[in-house]
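Trainee: Below are the chains, spelled out letter by letter.
Protein chains: 2
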Amino acid sequence: MSDHPDTTVGPTPAHEPPYYAVVFTSVRRPDEDADDYRRTAARLSRLVRDIPGFLGEDFAHSPAPGGLAISVAYFRDLEGIRRWRDHPEHLDAKRRGRERWYERYVIHIARVEHSHAFGGPA
Amino acid sequence: MSDHPDTTVGPTPAHEPPYYAVVFTSVRRPDEDADDYRRTAARLSRLVRDIPGFLGEDFAHSPAPGGLAISVAYFRDLEGIRRWRDHPEHLDAKRRGRERWYERYVIHIARVEHSHAFGGPA
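One line per chain: the protein sequences are W and H, in this order. Per the numbering used here, residue 5 is the first one in the first sequence, and the count goes up by one each step. Per the numbering used here, residue 5 is the first one in the second sequence, and the count goes up by one each step.
Looking at chain W on its own, in the form it has when it is part of the complex (with noise of 0.2 Å):
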């Protein structure tokens, strides 16, 4: 099962670049505090809606142990990033990830140049 309220939604549509994706790749730590960090995920996947130019977030988790996690979460501007960035609560519980849940993660910020979608209604 999956640990994350937005899986089965999405993904986000195609939007007119320019707009920006930042893509945070983690492998989490096999001792982490479930409950916490999902509640965690969960507040901050209903916070970050309020961000203005904030464009949609999706989530993938593999199961397995080892398993990748990738969030790409997009934005209209750097501007909206850097609110989102320095979110106190986010601020709070990125710290909480460095010292909790992740043994690992790698986070890219990128201008999206090209984009396109095949069925649904995107």
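Read the hints as simulated data drawn from the structure, not as lab findings. Note that the structure is a prediction, hence the values are computed from the model and not measured. Among these hints, one or two may not hold up.
[Said to hold, decoys possible] From the derived model, a few chain H residues whose C-beta atoms are all more than 10 Å from chain W:
| hint | residue |
| --- | --- |
| 1 | Asp54 |
| 2 | Ile55 |
| 3 | Ser66 |
| 4 | Pro92 |
| 5 | Glu107 |
[To be verified] Computed Cβ-Cβ distance ranges for the label pairs, DEER-style:
| hint | chain 1 | residue 1 | chain 2 | residue 2 | range |
| --- | --- | --- | --- | --- | --- |
| 6 | W | Pro17 | H | Arg99 | 21 to 27 Å |
| 7 | W | Ala68 | H | Gly70 | 17 to 23 Å |
| 8 | W | Glu20 | H | Leu95 | 43 to 49 Å |
| 9 | W | Asp39 | H | Pro56 | 25 to 31 Å |
| 10 | H | Asp40 | W | Phe122 | 14 to 20 Å |
Virtual Cβ for every residue (Gly too), placed ideally from N, Cα, C.
Following the hints, complete the assembly by docking chain H onto the known chain W.
Mentor: Relative to chain W, chain H alone:
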């Protein structure tokens, strides 16, 4: 269980920007041919490594019905993305993907401007 050979490897390290990310977010059909899909995914995952400028690929797939799959492939430049886009076996797989496997997908091609890593050998 995962259906992709690379799920327990990664994440791809942060590289020196600029580089490019191809984000492929998909929902598969419930009646897909899973064996053919898996074979093709494994074959493509080997082929892409021979593309000049290929930097790595991360994959995650939430197992719930309707769960998203996200793959992110990283390339040094757009020329590598074009070569991969036009690779004959990749073209054939994309055609079969639209005909057989995918209910919908969205592709975002993005220029990575910032990246950083926490933990692990990155």
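Trainee: Each hint: holds or not?
Mentor: Now for the hints, and whether the structure bears them out:
no. : hint                           : verdict
1   : Asp54                          : holds (23 Å)
2   : Ile55                          : holds (18 Å)
3   : Ser66                          : violated (4 Å)
4   : Pro92                          : holds (20 Å)
5   : Glu107                         : violated (6 Å)
6   : Pro17/W - Arg99/H: 21 to 27 Å  : holds (23 Å)
7   : Ala68/W - Gly70/H: 17 to 23 Å  : holds (20 Å)
8   : Glu20/W - Leu95/H: 43 to 49 Å  : violated (26 Å)
9   : Asp39/W - Pro56/H: 25 to 31 Å  : violated (46 Å)
10  : Asp40/H - Phe122/W: 14 to 20 Å : holds (18 Å)
The structure is inconsistent with the numbered hints 3, 5, 8 and 9, although it conforms to all the rest.
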